[in-house]
Amino acid sequence: MTVEGPALEPESANLYAQIVTRTQKQHRLFSVHWELTYRCNERCTHCYLDVLAPSAEAPGELNTQECFRVVDELAALGVLNLTFSGGEILVRRDFFEIAEYAHSKRFLLRLFTNGTLVRPAVADRIAALHPYAVEISLYGVDAETHEDVTRLPRSFELSLRALRLLHERGVHTVLKTPLMHHNVRQYDALQALAEELGAQFRHSVTITPQDTGGLDPLRHRMTDDDLFWLFRKTIEPGYWEKRALSPDARTCGITLNACDLDPYGNVFPCVQTRIAAGNVRVQSLPGIWKESLLWTELGNLTLSELPVCGQCELRSFCVRCHGLAQVEDGDLRGPASVNCREALVRRQVLIEKSALPADYSIPAHLQTPIGWRVPVQAVA
Amino acid sequence: MDADKYPVPHPQVAARVVDGEAVVILADSGEVNVLNPVGTRIWELADGTRSVQQIADAIAEEYQVNPQNALQDVTEFLQLLIDARALTLAAAPGAPQ
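From first to last, the protein sequence lines are chains A and B. Using our numbering, you'd call the opening residue of the first sequence number 1 and step up by one each time. Using our numbering, you'd call the opening residue of the second sequence number 1001 and step up by one each time.
Derived from the structure by calculation, the hints contain no laboratory data. Cβ atoms here follow ideal geometry from the backbone N, Cα and C, with glycine treated the same way. Warning: the hint list may mix true and false statements.
[What the hints assert, rightly or not] Each pair of labels, with its calculated beta carbon distance range:
| id | chain 1 | residue 1 | chain 2 | residue 2 | range |
| --- | --- | --- | --- | --- | --- |
| 1 | B | Arg1085 | A | Glu66 | 31 to 37 Å |
| 2 | A | Arg93 | B | Glu1062 | 44 to 50 Å |
| 3 | A | Arg43 | B | Asp1004 | 54 to 60 Å |
| 4 | B | Gly1030 | A | Ala53 | 53 to 59 Å |
| 5 | A | Thr21 | B | Pro1011 | 27 to 33 Å |
| 6 | B | Asp1019 | A | Ser361 | 52 to 58 Å |
| 7 | A | Thr64 | B | Gly1020 | 33 to 39 Å |
| 8 | B | Arg1085 | A | Tyr239 | 20 to 26 Å |
| 9 | A | Thr21 | B | Leu1080 | 24 to 30 Å |
| 10 | B | Pro1011 | A | Arg119 | 47 to 53 Å |
| 11 | B | Gly1020 | A | Arg202 | 49 to 55 Å |
| 12 | B | Gln1072 | A | Glu195 | 34 to 40 Å |
| 13 | A | Lys233 | B | Gly1030 | 23 to 29 Å |
| 14 | A | Lys25 | B | Ser1029 | 24 to 30 Å |
[Unchecked claim] Under the rule of at most 25 Å between Cα atoms (straight-line distance), these lysine to any residue pairs were calculated in the SDA-like manner:
| id | chain 1 | residue 1 | chain 2 | residue 2 |
| --- | --- | --- | --- | --- |
| 15 | B | Lys1005 | A | Ala128 |
| 16 | A | Lys105 | B | Asp1028 |
| 17 | A | Lys105 | B | Gln1068 |
| 18 | A | Lys105 | B | Leu1089 |
| 19 | A | Lys290 | A | Val271 |
| 20 | A | Lys176 | A | Lys25 |
| 21 | A | Lys25 | B | Glu1031 |
This is chain A alone, in the form it adopts within the complex:
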């Protein structure tokens, strides 16, 4: 041929990172987190959703045909990564219709499920979707710890069964755990259990308020002692030493190339920032993505636009969330007190690991307790 011949260039990580960066620079929708239902068969004590019973009437949920239309719009927009989440996705009787339709459109699928409804035939059907990952939450390494959270008898056994069935079918599984006061000391055992099940292990440290503003989940948060214990074990100083955030930096990738869809068709910047940009029943998704002013408004929120966080000496050690600042502390542009606490503990642990000087300053706004519980005395 007289033109450059066809070529295939496999260098997965670098190539993918370049593509993602390109989509972010172009404000091109590339990843969507879609909560298909808020119905769930578990009743997790820390859940940020006000979930409905599995058999509850949910008249506002997008129906099958509406979901197909959204899938078509996502494909036309060039979205590649599509995560189906809940509630519990498998309580939707049309889940496989929707997921198989999405599979036919060649999305890279990720499924979030509690796994309790995954019997062998269901595992077969999931495996046929070739999901990139199926992520199953486990809240402890024994039934008592796990079911104290889920309040569903046998859920521990059933979630483990799902992890095994899927692994047997070659599906990449993730055992993920939101760490709380009652389970954080099982961290090592959770890692070992994941390994035994052939699953990747992932943990998160932040328990959030309910989307409705309810603070009940926060009573499960780790104590300061818990957080110190965890960070001393998990912090890698090299990562934080390199993470020097300039005033122009963003604190997260919100609005760049991703969004969240709820079961009723509302489009949000992310799962934590519940400010609707539009509704797919009223407007097309491409229209919402291209025209809503919310993307620009939030997209411009660099550190320099955040009066307190932008000046904070701990900004490079903070994983600040706009949505948490809004829902828990009432100001999208203000500090998110739970993230402040994590940054303070991180600072202290980095000092202990000789990655920061012992006198590394504590910012003025954290010299006195802020928000609901940032016990500076214990940290400083």
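Starting from the known structure of chain A, fit chain B onto it as the hints suggest.
Structure of chain B alone, referenced to chain A:
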């Protein structure tokens, strides 16, 4: 390779064209492949509705190249994608995807 067969993406494949380059992800392994413009055009044509021969004919016409050379290049490239489990060959045409 039988030029009368119909190449179609493997069920494990997730793919999108971004700025004229096909991003082809093998979901089972997580491997990412990016195709150059000619490879991307072949990928777009290999949707199960065209035979290997028809794809080669289209490439020869669009890029103004010798049909025999096009068939050889297209066949080699398709075989690469089949070996990577990015494509399979069907005996009959399927619905466009």
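Each hint tested on the structure:
| no. | hint | result |
| --- | --- | --- |
| 1 | B:Arg1085 x A:Glu66: 31 to 37 Å | 34 Å, holds |
| 2 | A:Arg93 x B:Glu1062: 44 to 50 Å | 46 Å, holds |
| 3 | A:Arg43 x B:Asp1004: 54 to 60 Å | 58 Å, holds |
| 4 | B:Gly1030 x A:Ala53: 53 to 59 Å | 37 Å, violated |
| 5 | A:Thr21 x B:Pro1011: 27 to 33 Å | 29 Å, holds |
| 6 | B:Asp1019 x A:Ser361: 52 to 58 Å | 45 Å, violated |
| 7 | A:Thr64 x B:Gly1020: 33 to 39 Å | 34 Å, holds |
| 8 | B:Arg1085 x A:Tyr239: 20 to 26 Å | 34 Å, violated |
| 9 | A:Thr21 x B:Leu1080: 24 to 30 Å | 27 Å, holds |
| 10 | B:Pro1011 x A:Arg119: 47 to 53 Å | 22 Å, violated |
| 11 | B:Gly1020 x A:Arg202: 49 to 55 Å | 34 Å, violated |
| 12 | B:Gln1072 x A:Glu195: 34 to 40 Å | 48 Å, violated |
| 13 | A:Lys233 x B:Gly1030: 23 to 29 Å | 27 Å, holds |
| 14 | A:Lys25 x B:Ser1029: 24 to 30 Å | 28 Å, holds |
| 15 | B:Lys1005 x A:Ala128 | 24 Å, holds |
| 16 | A:Lys105 x B:Asp1028 | 17 Å, holds |
| 17 | A:Lys105 x B:Gln1068 | 33 Å, violated |
| 18 | A:Lys105 x B:Leu1089 | 19 Å, holds |
| 19 | A:Lys290 x A:Val271 | 19 Å, holds |
| 20 | A:Lys176 x A:Lys25 | 30 Å, violated |
| 21 | A:Lys25 x B:Glu1031 | 23 Å, holds |
In the structure shown, a violation is registered for the earlier hints numbered 4, 6, 8, 10, 11, 12, 17, 20, in ascending order.
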